[in-house]
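K.L.:
Below are the chains, spelled out letter by letter.
Protein chains: 2
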Amino acid sequence: MPERKFTVKPSLTTRGLSPENQETPLEYLQTDAMNNYQFFRRNHFDYPSLNQANYRLLFGGLIKRPLSLSLQDLSRFPAKTLKVALECAGNKRGHFEPKTYGEQWGKGAISQGYWRGVPLAHILDLTGFSSHAAEVVVKGYDHGVRKGSEKNETYARSLPLEKALHLDTIIAFEYNGQPLSYKHGYPLRLIVPGWYAMASVKWVRQISVIGTSFKGAFQTNDYMYYPSQETDEGAFPVTELNVNSTIQTPLDMEVLDGSRHCIRGIAWTGKGMITRVEISLDNGESWLDADFHPPASSYEWVSWQYVWNPGKSGEYSILSRATDSIGRTQVRKAFWNRKGYGYNAMDHVRVFVY
Amino acid sequence: MPERKFTVKPSLTTRGLSPENQETPLEYLQTDAMNNYQFFRRNHFDYPSLNQANYRLLFGGLIKRPLSLSLQDLSRFPAKTLKVALECAGNKRGHFEPKTYGEQWGKGAISQGYWRGVPLAHILDLTGFSSHAAEVVVKGYDHGVRKGSEKNETYARSLPLEKALHLDTIIAFEYNGQPLSYKHGYPLRLIVPGWYAMASVKWVRQISVIGTSFKGAFQTNDYMYYPSQETDEGAFPVTELNVNSTIQTPLDMEVLDGSRHCIRGIAWTGKGMITRVEISLDNGESWLDADFHPPASSYEWVSWQYVWNPGKSGEYSILSRATDSIGRTQVRKAFWNRKGYGYNAMDHVRVFVY
Numbered sequence: 001m002p003e004r005k006f007t008v009k010p011s012l013t014t015r016g017l018s019p020e021n022q023e024t025p026l027e028y029l030q031t032d033a034m035n036n037y038q039f040f041r042r043n044h045f046d047y048p049s050l051n052q053a054n055y056r057l058l059f060g061g062l063i064k065r066p067l068s069l070s071l072q073d074l075s076r077f078p079a080k081t082l083k084v085a086l087e088c089a090g091n092k093r094g095h096f097e098p099k100t101y102g103e104q105w106g107k108g109a110i111s112q113g114y115w116r117g118v119p120l121a122h123i124l125d126l127t128g129f130s131s132h133a134a135e136v137v138v139k140g141y142d143h144g145v146r147k148g149s150e151k152n153e154t155y156a157r158s159l160p161l162e163k164a165l166h167l168d169t170i171i172a173f174e175y176n177g178q179p180l181s182y183k184h185g186y187p188l189r190l191i192v193p194g195w196y197a198m199a200s201v202k203w204v205r206q207i208s209v210i211g212t213s214f215k216g217a218f219q220t221n222d223y224m225y226y227p228s229q230e231t232d233e234g235a236f237p238v239t240e241l242n243v244n245s246t247i248q249t250p251l252d253m254e255v256l257d258g259s260r261h262c263i264r265g266i267a268w269t270g271k272g273m274i275t276r277v278e279i280s281l282d283n284g285e286s287w288l289d290a291d292f293h294p295p296a297s298s299y300e301w302v303s304w305q306y307v308w309n310p311g312k313s314g315e316y317s318i319l320s321r322a323t324d325s326i327g328r329t330q331v332r333k334a335f336w337n338r339k340g341y342g343y344n345a346m347d348h349v350r351v352f353v354y
Numbered sequence: 001m002p003e004r005k006f007t008v009k010p011s012l013t014t015r016g017l018s019p020e021n022q023e024t025p026l027e028y029l030q031t032d033a034m035n036n037y038q039f040f041r042r043n044h045f046d047y048p049s050l051n052q053a054n055y056r057l058l059f060g061g062l063i064k065r066p067l068s069l070s071l072q073d074l075s076r077f078p079a080k081t082l083k084v085a086l087e088c089a090g091n092k093r094g095h096f097e098p099k100t101y102g103e104q105w106g107k108g109a110i111s112q113g114y115w116r117g118v119p120l121a122h123i124l125d126l127t128g129f130s131s132h133a134a135e136v137v138v139k140g141y142d143h144g145v146r147k148g149s150e151k152n153e154t155y156a157r158s159l160p161l162e163k164a165l166h167l168d169t170i171i172a173f174e175y176n177g178q179p180l181s182y183k184h185g186y187p188l189r190l191i192v193p194g195w196y197a198m199a200s201v202k203w204v205r206q207i208s209v210i211g212t213s214f215k216g217a218f219q220t221n222d223y224m225y226y227p228s229q230e231t232d233e234g235a236f237p238v239t240e241l242n243v244n245s246t247i248q249t250p251l252d253m254e255v256l257d258g259s260r261h262c263i264r265g266i267a268w269t270g271k272g273m274i275t276r277v278e279i280s281l282d283n284g285e286s287w288l289d290a291d292f293h294p295p296a297s298s299y300e301w302v303s304w305q306y307v308w309n310p311g312k313s314g315e316y317s318i319l320s321r322a323t324d325s326i327g328r329t330q331v332r333k334a335f336w337n338r339k340g341y342g343y344n345a346m347d348h349v350r351v352f353v354y
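Protein chains in written order, with the UniProt record's numbering: chain S, 1 to 354; chain B, 1 to 354.
Hints listed in this document are in silico derivations from the structure and should not be mistaken for laboratory results.
Check before you lean on any hint, since a few could be wrong.
No copy labels: a pair is met if it fits in one copy or bridges any two.
[What the hints assert, rightly or not] With a straight-line Cα cutoff of 35 Å, these simulated DSBU-like cross-link-like pairs (lysine-lysine) come out:
{"hint": "1", "residue 1": "312", "residue 2": "215"}
{"hint": "2", "residue 1": "271", "residue 2": "312"}
{"hint": "3", "residue 1": "333", "residue 2": "64"}
{"hint": "4", "residue 1": "333", "residue 2": "147"}
{"hint": "5", "residue 1": "9", "residue 2": "215"}
{"hint": "6", "residue 1": "151", "residue 2": "9"}
{"hint": "7", "residue 1": "64", "residue 2": "9"}
{"hint": "8", "residue 1": "99", "residue 2": "147"}
{"hint": "9", "residue 1": "271", "residue 2": "80"}
The model shown is predicted, which means the values in this text are computed figures rather than measured ones.
Let the hints inform the model, and build the full structure from the sequences given.
P.N.:
Next comes the structure, spelled out in structure tokens:
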């Protein structure tokens, strides 16, 4: 007789396989660090091949002392551990109206856990850099033909010097106390807390200081907000996370009994801290405060809840709205942009109580 | 160093966990039999516990010779193997406009493979039945509180005598040559080819012949088409599969290069055979025949394809439309019904060619 197995667990939701793009199911978005296999996967290209045995991280450009570090060299620098939520700039793209092209991400292109690494500032302190330095370009091993282009390109992103030198911008080598997995950037991944995750370059190959504004395709073509359908007018770069919240339970269009329910979710922001999460049970007419514990750091999300006794049967339109310490708050309709980045309208689910 | 793993495979898409409802990703909908782990999971209740060692299938009601069969007893009857696609009645519910309550299934609440079992007719031939027999009720081991109700109910469905006695209505004990898995009804599952999968009762406990029309909740409350939002007027039962088709590639809102692409998908029907699958590349203005091999049986889907050279860049609205041998064809807008069953509008994806 076959073994009796009743295990019920959620799976990553596939948005694409070549390259691999799979999102985290809502059940896994928890207060604690998420397991590696629960973490959303977002790739621009196929997984790269890299020579692990001879791996060295190269530093170049406008630095005073060129440097090449083995993993062992890197381990001699002082390291720090940060709990950071990474959110894909396209998270919730599928919610835009009108629709925008690209992976139709739901609410699960976000995950969090503990990243341990060396502040980039420590290494740039050692190399020194020219007074003409303006940006730091971080290049990965992943490459291929970018969608919308004909040529072979390598994934690369730059940071303004100030962000690159922020002591929480780290070159990470561990996730939750283990070496990074290949799928999440082994051996080294840049972690840029507070920015959308396109900045957190995986499989880091080379770091260069430049004196100009970097013009890579993933910075000047993709990961730009284009407010117009027709032209590129008014375009500006995707950088910091918007203030945002997600309702995990109940699910959209769920049927519920009339008993007590816990409305539950997460809220996060790229700057400052989450200071308030509100729930509306009447489609925005009135608002109620949800409960949450203040986060230990501003780079992780808060898990909030609101205990609800529906009372009478019927349809309910439930909204969530987060506010952060710099006064940003979610609005009803997301800022539409042609490539579908940074969706942060109030979350919205409809339920029927019988 | 960690082991190097670049395996990329799709996951089931979670729609709910309690009870477990997960759908098959489009990549797994293939011409061949699908593996057990690729098969969509649709449950009304938590997985049941059942006494495997003393398992017996009971026959009762208006039969002449009451019967109780062990699995070994059942294995002495002549068995047959059928390739059957099972489709949840709620497949594509998430596509209805306006939305309907319930699991928001995408296009993956359908799967197919080889089911082996004993025709129910053989057993009813042995028991005999009264001339007053009208329906055959099949009851599973799964039970619990049904959504929209307060009381504990057991999953049960009836078939009209004619369908119950059809030689392809089988009590299945194997899937793809292996004993059924627990999640898909071990040890015995009724398989009703041509009907939506709510008729294919899992974990079969008892089969009864009755002289009336069965009034179980999964037959008179759920699995009814309610054409009106407000009243139950005009309601009629969900039975046979509608003619239908699904585009697997490209994905909705995908960005494609201008090279040759294979538009690919499946088509199926509950009565007769698929005789034609057409593609429109201009949102329904003109239609082109897709290629497919005639299926070996009318219970499996056909896999179709159309090779497309987009030629010029821009937006394309792609439709698929299947027609069956009894003259049914897909229309542009699905028949809306309050509980969201039987969605079978033409499938529709939009792509951008650069």
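K.L.:
Which earlier hints turn out false for this structure, listed by number in ascending order?
P.N.:
Hint check: 2, 3 and 7 fail, others pass.
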